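Throw the hints in and build the complete structure from the sequences for me.
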Amino acid sequence: MAPPPPPAVEISRPMNRDADRSVPIHPPPTRSVPCCSFPVACLQETKLGDRYDSARKIEKAIRRIQPGFRIRVEHFAAILLVEQEDLQHEDEGGHLSHERCNPWQLKRRLEKISPFCKHYMLHLDPRNLDLKHWVHAKPVPLVSQPLLSPEMSYDEIQLSTHYRASFRTQTTIDEVPKNIAQRGERECRERDGYKCVITGRSSPRVFWLIPKGFNDTKNNNNATGNFEAGCVYLTKIDLLDDIHSATELGKTHKVWNMLCVDPAIYDTLAQGLCAFKYIGIEELRDGHCQVQLKFFWMPKLPPRFGQIMDLNAIMKFNPKDNAQGFISFQNIERGKDISADLTMFKNSGCPMPDRIDKREAISTPPLLSGKDVNIKMPKRESRLFKTVIEIHWACVTFTALCGGAGRAWYLIGMNQADGSLQPRWEQYKEDKHTGLTD
Numbered sequence: 001m002a003p004p005p006p007p008a009v010e011i012s013r014p015m016n017r018d019a020d021r022s023v024p025i026h027p028p029p030t031r032s033v034p035c036c037s038f039p040v041a042c043l044q045e046t047k048l049g050d051r052y053d054s055a056r057k058i059e060k061a062i063r064r065i066q067p068g069f070r071i072r073v074e075h076f077a078a079i080l081l082v083e084q085e086d087l088q089h090e091d092e093g094g095h096l097s098h099e100r101c102n103p104w105q106l107k108r109r110l111e112k113i114s115p116f117c118k119h120y121m122l123h124l125d126p127r128n129l130d131l132k133h134w135v136h137a138k139p140v141p142l143v144s145q146p147l148l149s150p151e152m153s154y155d156e157i158q159l160s161t162h163y164r165a166s167f168r169t170q171t172t173i174d175e176v177p178k179n180i181a182q183r184g185e186r187e188c189r190e191r192d193g194y195k196c197v198i199t200g201r202s203s204p205r206v207f208w209l210i211p212k213g214f215n216d217t218k219n220n221n222n223a224t225g226n227f228e229a230g231c232v233y234l235t236k237i238d239l240l241d242d243i244h245s246a247t248e249l250g251k252t253h254k255v256w257n258m259l260c261v262d263p264a265i266y267d268t269l270a271q272g273l274c275a276f277k278y279i280g281i282e283e284l285r286d287g288h289c290q291v292q293l294k295f296f297w298m299p300k301l302p303p304r305f306g307q308i309m310d311l312n313a314i315m316k317f318n319p320k321d322n323a324q325g326f327i328s329f330q331n332i333e334r335g336k337d338i339s340a341d342l343t344m345f346k347n348s349g350c351p352m353p354d355r356i357d358k359r360e361a362i363s364t365p366p367l368l369s370g371k372d373v374n375i376k377m378p379k380r381e382s383r384l385f386k387t388v389i390e391i392h393w394a395c396v397t398f399t400a401l402c403g404g405a406g407r408a409w410y411l412i413g414m415n416q417a418d419g420s421l422q423p424r425w426e427q428y429k430e431d432k433h434t435g436l437t438d
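Taking the UniProt record's numbering, the leading residue of the sequence shown gets 1, the next gets one more, and so forth.
Certain hints may be false.
What follows is a set of in silico ranges between Cβ atoms, one per label pair, in the way DEER data are often shown [said to hold, decoys possible]: (1) Asp53 x Trp104: 40 to 46 Å; (2) Gln84 x Gly193: 38 to 44 Å; (3) Gly193 x Val143: 44 to 50 Å; (4) Asp286 x Thr434: 55 to 61 Å; (5) Ser420 x Ser348: 35 to 41 Å; (6) Arg164 x Lys195: 19 to 25 Å.
No lab work stands behind these hints, which were simulated from the structure alone. The model shown is predicted, which means the values in this text are computed figures rather than measured ones. In this text, a Cβ means the ideal position worked out from N, Cα and C, and glycines have one as well.
Shown next as structure tokens:
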């Protein structure tokens, strides 16, 4: 018997972001995030068990349509990172709620997140496009497919459906002029005083928060458009609102998408070993704004790429409230659970990963997690800057939770030719056996 046809392609957007179009300027928080705290959603609440419960219910719901489905590390990382309201049945939001969404939606939405983050990490360092271990993830143009017909096989239906639903950049638009990116970088250096925003050292490099390769060519623009839904489901930010378009290339080749950083720090940012967290915006009397960020090192967690999370075993951990109101774990097997690993990382002060080349800019004086970074910019640019910082933080922390800090090419990706998922666990095991990775 031929397999059933795939469900209809979901084309509606999962939430309304109209309210976000005019982000209010608000004063800085009365208590900044302490440097010992790792500011991800699951560590900033005392009901971590609710997330485990949501994960089990999501898995149960999806198994009704696909009995072999299991929550894997990439799914679980998303459940730990999204806001609690995203997992609940809310009037606004709830886009990963087992009550609000049908099983097909839940499965599709969870599976979109990792490929988007992997696409982000691929382009974060332009040199990745020339590296062997990233070849499988490089964007390729889609091959035109015939219209659906009753005579098609299941695989042919999949290819045709995927092609019809793919993102298409307008063929008549102009390429991005080279001077646009150069002008943005020049304005960034001027804004940041020709110094690293973290260390104050001179002769910085310009770090792009949304990578240049996201939208510098029509092919790359199409690829990013095909991954766009994953950004929505992880961050509730729709790229198509402000920073991506089918009718314009290079929308993010602007100063509000850039920061000046020391070359040594640039390399660690490009590998996903550290990231900037948005804290708040302060409106200044001269009409400008000061955007407040914090710098954090990423945890080096065990590699779990594509691995099944045993949600019943996770519940054996004994969560206890500590003095700061966060969750701690008392169990000799705590290393088997992502949230326990995160708590250990947070309690140790979010230290610098051991494998970093500790050049002078990083080690003299020691660059610690929680360092404040303040960027002054025009008010009109602050909303867009906040958006790209939040996407940057979400992608890098998601990668780290899967064990991918510094080795993001092992994340589950998506084959753009047919939309199928690309697990990389077997490749990781082979590379570990041959000494190509740790």
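Structure-based check of each hint:
no.: 1; hint: Asp53 x Trp104: 40 to 46 Å; verdict: 22 Å, violated
no.: 2; hint: Gln84 x Gly193: 38 to 44 Å; verdict: 40 Å, holds
no.: 3; hint: Gly193 x Val143: 44 to 50 Å; verdict: 49 Å, holds
no.: 4; hint: Asp286 x Thr434: 55 to 61 Å; verdict: 58 Å, holds
no.: 5; hint: Ser420 x Ser348: 35 to 41 Å; verdict: 39 Å, holds
no.: 6; hint: Arg164 x Lys195: 19 to 25 Å; verdict: 50 Å, violated
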